[in-house]
Each structure stands twice: as C-alpha cells, then as structure tokens.
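Novice: Protein chains in written order, with this note's numbering: chain G, 1 to 259; chain X, 1 to 394.
There's no promise every hint is true.
Unchecked claim - In silico lysine-lysine, BS3-like type, Cα no more than 25 angstroms apart, as pairs:
| no. | chain 1 | residue 1 | chain 2 | residue 2 |
| --- | --- | --- | --- | --- |
| 1 | G | Lys214 | G | Lys86 |
| 2 | G | Lys130 | G | Lys3 |
| 3 | X | Lys358 | X | Lys217 |
| 4 | X | Lys3 | G | Lys130 |
| 5 | X | Lys263 | G | Lys68 |
| 6 | G | Lys191 | G | Lys231 |
| 7 | X | Lys263 | X | Lys220 |
| 8 | G | Lys138 | G | Lys157 |
| 9 | G | Lys6 | G | Lys164 |
| 10 | G | Lys231 | G | Lys3 |
| 11 | G | Lys130 | G | Lys86 |
| 12 | X | Lys220 | X | Lys358 |
| 13 | G | Lys164 | G | Lys191 |
| 14 | G | Lys68 | X | Lys134 |
| 15 | X | Lys64 | X | Lys263 |
| 16 | G | Lys164 | X | Lys263 |
| 17 | X | Lys3 | G | Lys157 |
| 18 | G | Lys138 | X | Lys3 |
Hints in this document: simulated from the structure, not taken from any laboratory.
Treat the numbers as computed from the prediction; the structure is a model and nothing was measured.
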Amino acid sequence: MSKIHKAFSNGKAFIGFLTAGDPSAECTVDYVLAMAEAGADLIEIGIPFSDPTAEGAVIQEANVRALKAGMTVNGVFDIVRQVREKSQVPLVFLTYLNPVFHYGYEAFLERCRELGVDGLIIPDLPYEEKEELAPLAKDYGVDVISMIAPTSCQRIKQIASEAKGFIYVVSSMGVTGVRAEIETDIGSMVKVIREVTDTPAAIGFGISTPAQAKEMAAAADGAIVGSAIVKIIARYQDQAREPLMEYVREMKAAVRETE
Amino acid sequence: MSKGRFGIHGGQYISETLMNELIRLEEAYEYYKNDAEFNQELNDLFREYANRPSLLYYAGNMTKDLGGAKVYLKREDLNHTGAHKINNVLGQALLAKRMGKTRLIAETGAGQHGVATATAAALMGMECEVFMGKEDTDRQALNVYRMELLGAKVHPVTTGTQTLKDAVNETMREWSCRVEDTHYVLGSVMGPHPFPTIVRDFQSVISREAREQILEKEGKLPAAVFACVGGGSNAMGMFYHFIPDEGVRLIGCEAAGRGVNTKETAATIATGSLGIFHGMKSYFCQDENGQIAPVYSISAGLDYPGIGPEHAYLHDIGRAEYVPVTDDEAVDAFEYLARTEGIICAIESAHAVAYAKKVIPQMEPSESVIICLSGRGDKDVAAIARYRGRDIHE
C-alpha cells in the first residue's frame with residue numbers, strides 16, 4: 001500500500017498544491033514543509049510546464065514565473081530531496097506528460113521511487129492512454145492518479161475500478177481556478193465511485209473558502225486546493241510562510257468539521 | 001495502443017473533461033461520413049458555395065522560366081474565403097450542426113481558419129468565437145476585422161508566445177468550460193483523435209481532385225507534389241490520394257524562419273523531437289526539459305511548434321520528405337510568383353513555391369509537378385512590404 005493511503009487514514013484529508021520554483025526553489029521547500037506542519041495531509045507539487053492547458057490564469061502565471069526563475073525537472077527533484085530530509089508527508093507531482101516523457105519514463109519513475117514521490121497526477125493522460133505510463137509506474141511503486149470529471153458519466157465506473165492511490169474528482173467544467181460556486185452534483189458522482197471501489201476520492205478545482213472545503217469534504221474523502229494557495233504565494237512571495245500556515249490550518253479545520 | 005494512431009504517433013492525450021466529447025465526435029463522424037444526405041449537402045456546399053473543384057492551373061511562365069518539369073498550381077487560393085481552410089470547416093460545421101451544436105469555437109494563426117469558421121457560422125446560423133494570439137491579431141489585423149464583419153467574436157490571446165500554440169491552448173480551455181452546445185473546429189490535422197483523421201478526410205478533396213485533373217491533362221501522375229506544412233492540413237489534403245502512388249514524391253515545406261541553425265525557426269521535422277502535446281504524440285520543437293519551444297516564422301499560419309501525427313508517420317516510414325524553407329526564400333518566392341504568373345499567394349504557400357523552384361530545374365521536361373497554393377496573399381501584402389522596408393497603411 002502506498003503512502004497516499006496514509007493521507008486519508010486520519011479522517012478527511014486536506015490536500016494542498018503549489019508550483020515548484022515559484023518564487024524560488026528555497027521557498028518551495030519551505031512552503032511544502034510549512035503546509036505539512038500546518039496539517040496538510042498530502043501535498044501536490046506542480047512541475048512547471050510551458051503550456052499548462054488544464055490550468056486557469058492563476059496557476060498558468062505561477063508556471064511562467066517558475067520557468068522564468070529557471071526551474072527544471074531536476075530542480076524539482078532537488079526540492080523533494082530537501083523536503084524529504086525533514087518530512088515524510090505524502091507527496092505527489094502534478095505535471096503534464098511531455099516533461100515526463102522527455103525525461104524518460106523509467107528515469108523519472110526511478111527518481112520518484114528514490115525520493116519518495118508517491119504518485120503522479122497528469123491532466124493530459126486520460127484512461128484511454130494510461131498504458132503509456134501506468135504499468136511502468138506500478139513496477140516503481142508510484143501511483144498514477146485517475147481523474148473523474150463532471151462529463152465522465154458512464155466512464156466513472158471504468159475509471160474508478162482501476163484507480164490507484166486516490167481519485168481526483170474534478171468539481172467543475174473548465175480549468176483550475178477559484179470559483180464562487182460549485183454547481184456539479186458531487187454527491188452522485190462519489191456514489192457511483194463508491195459502487196466499485198474503496199479508493200479514496202478527493203474533490204478539486206474551484207475550492208478556496210473553508211465553507212466550500214467543508215461542503216466538498218463532506219461529500220467525499222478530502223478537498224484539494226491549488227489556486228487559492230498559489231495566490232497567497234504570488235501575493236507574499238518569499239514572505240508567504242505564515243499566511244500559508246494560517247490558511248492551511250483554517251482549511252484543515254473546516255475539512256475536519258465534517259466528521 | 002490506443003485509438004487514432006499513425007504508427008507510434010497520434011492518440012488522445014487530453015483532459016478527462018473532454019474525453020466523452022471526443023468519443024461523441026468520433027461516433028458522429030463515423031456515422032455521418034457514410035451518410036448519403038450528409039455527403040450530398042457537403043458536396044453541394046463545396047460546389048455552390050466554396051467554388052470547388054478548385055482549378056489545376058498550368059503555370060506556363062514558371063515552367064518556361066525554370067526550365068525543368070511542367071509546373072501545375074492547385075488553386076486552393078481561389079476557394080471562397082481565400083484558402084483551403086474552408087474545406088475542413090464546412091465539413092466540421094455541418095457535422096457539429098448534426099450533433100445539435102449551436103456554437104463554434106476555433107483557434108487561428110494567420111486568421112484564415114478563423115475567417116473560414118466565422119464564415120461557416122454565419123452561413124449556418126451558429127455563434128462563433130475565435131482565439132488568436134495577440135501577436136497574430138497585430139500582424140493579421142485585416143483578418144481580425146473580416147471575422148468581426150462575419151459576426152464572430154475574436155479573443156486576442158496574451159499568454160505564452162501569443163501565437164498559434166497559445167491560441168490552441170486557450171481554445172482547448174474554452175472547450176473544456178463549455179462542451180454541451182459547443183464544437184471546437186480544430187483547424188489542422190493535429191490535436192487528439194479523431195481530429196487528425198476528420199480534418200485529413202475533409203481536406204483530402206484537394207488530392208482527389210488534383211489526381212484526376214493531372215491525369216486528364218498529362219495522362220500520367222506527377223513526379224512530385226509540394227505543400228507547405230505547419231500543423232499540416234493543406235499538405236495532408238494534397239498528399240493523401242497520392243500516398244499509394246509510390247512514384248509520386250510528397251514534399252512538405254516547413255517554415256525555417258531565420259534558419260534551422262537559429263532559435264527563430266518553426267521547422268519541426270528539421271529541429272524537433274518526439275513528444276506529447278496538444279492531445280497527440282508527434283514531433284515538437286522543445287527544449288532539453290521538454291518545455292515547448294517559442295517558435296518563429298514570418299508566416300503566422302506556419303508558426304506552430306508541432307506537426308500533425310500522420311505527417312510524423314509519413315516521415316518515419318520515409319514516404320514523405322520534409323524540408324525547411326527560410327523567411328527570405330519564402331518572401332522571394334512570394335514576389336516571384338506575383339511577377340511571373342500574376343498570382344499573389346499566401347506567405348504560407350510561398351514556402352512550397354520556394355522549395356519547388358529549387359527542385360524543378362533539375363527535373364525532366366517530360367515530368368510534371370503540382371504545388372498546392374493553399375491560400376491567397378492579400379492578408380500578407382502589408383507584412384511583406386514591411387519586410388522590404390516599406391511602411392504602407394492597410
């Protein structure tokens with residue numbers, strides 16, 4: 001069993017995302033550790049990509065800043081190495097397929113195993129193409145996380161039954177970003193998932209307030225927050241540790257309230 | 001191996017949000033491509049609205065001047081809206097209408113595909129929004145206004161390099177927000193399956209006509225066909241029905257920009273490597289970290305860092321040749337064709353003319369070649385003047 005399960009074993013999970021190298025590698029190391037200290041159960045580290053087609057403006061801009069500051073795939077691995085010197089918090093990468101493909105699947109997975117990266121979220125690797133990476137990832141003990149969207153409908157069971165680690169339930173149409181309201185019927189999506197698997201399901205896209213986190217966590221096993229965290233980092237830059245910790249504590253408390 | 005493969009290339013590397021829509025699109029296409037009524041309607045539109053079949057013109061002056069093979073020009077520039085793009089757009093718009101869609105969205109580089117999509121939307125009473133890199137809205141201002149005249153809304157894209165690649169990103173993002181009533185009219189033989197196949201099929205009318213026309217005029221097949229390649233839709237259309245004719249050389253002309261030894265190039269086969277982007281496995285211009293490269297060409301329509309997966313496959317098996325052509329060579333060819341044949345072609349098409357000009361003198365007068373003139377050059381006149389140091393007001 002991968003370490004991802006641990007993230008869901010203490011009740012509802014709060015999952016935080018940040019973009020590696022925004023504003024610097026040192027900050028990313030510090031902010032990952034800060035989020036873990038503040039109670040984040042799992043942390044998604046975004047490997048910056050030139051063309052993040054599933055991201056809204058906030059995370060797109062973080063990608064641009066990180067790449068401009070010189071972040072590379074090896075640079076991200078080095079961030080993980082430094083985090084692992086101090087923390088065993090479950091970690092996954094969020095990345096697009098091309099940087100992984102270009103690095104070489106086996107070399108990339110080998111580094112993940114070595115450093116303790118527990119899973120990969122790859123928005124442009126749908127169920128139809130997962131053979132590209134999933135069998136190899138299994139050999140290296142890295143979970144390729146499946147995504148389920150509001151449009152998935154009859155595909156939900158097929159995807160969920162083969163899911164590893166956790167299931168990333170996309171709350172809304174479109175791209176990542178803060179939303180005032182989430183209108184999708186998450187409850188019925190999770191119900192279909194539950195018919196075929198016990199693999200935990202966490203909801204992401206659009207969540208920024210404690211009220212939303214509470215509502216989403218109540219409907220599933222956890223809530224994922226990206227853009228709201230990236231916004232804090234964009235605002236406070238290298239001074240974001242305290243505001244980040246405060247935000248994560250508040251969100252974690254909201255998620256736990258549902259129990 | 002998943003669906004929509006050309007050798008190792010192609011596939012469906014796209015977000016889960018769009019997967020069901022791609023499956024629906026594939027099912028609709030598989031049904032309607034064999035539907036007599038659908039094909040009748042499309043062929044009527046081709047003939048009565050788009051001015052097909054396009055002419056195969058014997059370029060006598062060019063033939064005489066170059067002193068080699070006989071030169072024929074496939075005149076896609078004479079189509080309604082001025083380029084081959086209308087072939088694909090009419091097909092996809094008709095298909096979208098059958099699927100119950102009421103809104104079309106599209107990316108555009110030079111603006112030709114955007115204009116064609118806006119045209120089809122106006123004709124069929126559909127809403128239309130076009131995404132175009134900010135840099136391209138500046139260098140192709142005339143086409144922006146044409147789209148607006150046709151009732152479309154044009155969104156300048158300010159992310160990334162502000163060119164075609166970023167326009168594709170933004171159109172994909174928009175589609176993933178709203179698929180229910182919206183069809184994404186992808187403009188080239190690229191993207192996730194089924195787009196490379198759908199676009200190729202609708203564009204293959206070019207070679208279906210050209211093959212018949214050349215056999216009628218020459219009594220034999222041409223020695224070579226030439227087409228410019230960005231994503232590769234006019235080239236795929238020009239090559240397709242000649243692929244089984246092994247004696248016919250298929251030559252795709254890529255935009256080398258300021259040269260394949262500079263960073264300012266868009267020649268994917270010459271400078272790119274295997275990658276996965278925009279829904280497909282194919283060749284891409286990218287850096288040592290797998291970041292997609294900011295490419296450059298004088299031609300907004302060829303200024304794209306990838307190539308369609310079927311071209312990548314034709315390259316792998318050696319059936320087609322892909323050659324780089326620089327800005328300078330393309331501009332020279334643009335002016336040459338204007339002076340020699342009285343035809344102002346698109347700067348994109350001028351890339352094919354430029355390479356053909358080099359090869360034709362070495363060929364026999366008993367042979368013939370076809371150059372695909374994918375579009376007309378009105379849109380480029382101001383930019384070419386600037387390139388030559390003359391500032392004219394559009």
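Novice: Are the hints correct? Go through all of them and say.
Specialist: Against the structure, the hints:
This hinted pair does not check out: Lys214 of chain G and Lys86 of chain G have alpha carbons roughly 30 angstroms apart, beyond 25 angstroms. Proximity of Lys130 of chain G to Lys3 of chain G is assessed by CA-CA distance (about 21 angstroms); at most 25 angstroms being required, the pair is judged to hold. For the hint linking Lys358 of chain X to Lys217 of chain X, the alpha-carbon distance of about 24 angstroms falls within 25 angstroms, and the restraint holds. Annotation: proposed proximity of Lys3 of chain X to Lys130 of chain G holds, straight-line Cα distance about 12 angstroms (limit 25 angstroms).
A hinted pair counts as satisfied when its Cα atoms are at most 25 angstroms apart, and Lys263 of chain X with Lys68 of chain G qualifies at roughly 17 angstroms. A distance of roughly 32 angstroms separates the Cα atoms of Lys191 of chain G and Lys231 of chain G; the hinted pair therefore is violated under the 25 angstroms criterion. A distance of roughly 42 angstroms separates the Cα atoms of Lys263 of chain X and Lys220 of chain X; the hinted pair therefore is violated under the 25 angstroms criterion. Between Lys138 of chain G and Lys157 of chain G the CA atoms are separated by roughly 21 angstroms; this keeps the pair inside 25 angstroms, and the hint holds.
Proximity of Lys6 of chain G to Lys164 of chain G is assessed by CA-CA distance (about 13 angstroms); at most 25 angstroms being required, the pair is judged to hold. Only pairs whose Cα atoms come within 25 angstroms are accepted, and Lys231 of chain G paired with Lys3 of chain G is rejected, the gap being roughly 28 angstroms. Taken as a hint, the Lys130 of chain G and Lys86 of chain G pair is broken in the structure, with Cα atoms around 33 angstroms apart against an allowance of 25 angstroms. A hinted pair counts as satisfied when its Cα atoms are at most 25 angstroms apart, and Lys220 of chain X with Lys358 of chain X qualifies at roughly 23 angstroms.
Between the alpha carbons of Lys164 of chain G and Lys191 of chain G the distance comes to roughly 18 angstroms, so the proposed pair stays at or under 25 angstroms and holds. Only pairs whose Cα atoms come within 25 angstroms are accepted, and Lys68 of chain G paired with Lys134 of chain X is accepted, the gap being roughly 21 angstroms. Pair hint Lys64 of chain X plus Lys263 of chain X does not hold up; C-alpha atoms about 37 angstroms apart against a cutoff of 25 angstroms. Taking the CA atoms of Lys164 of chain G and Lys263 of chain X, the gap is near 41 angstroms; set against the 25 angstroms cutoff, the hint is violated.
Restraint check for Lys3 of chain X and Lys157 of chain G: satisfied, since their Cα atoms lie roughly 21 angstroms apart, inside the 25 angstroms limit. Distance restraint check for Lys138 of chain G and Lys3 of chain X: the Cα-Cα separation of roughly 23 angstroms lies within the 25 angstroms cut-off, and the hinted pair is therefore satisfied.
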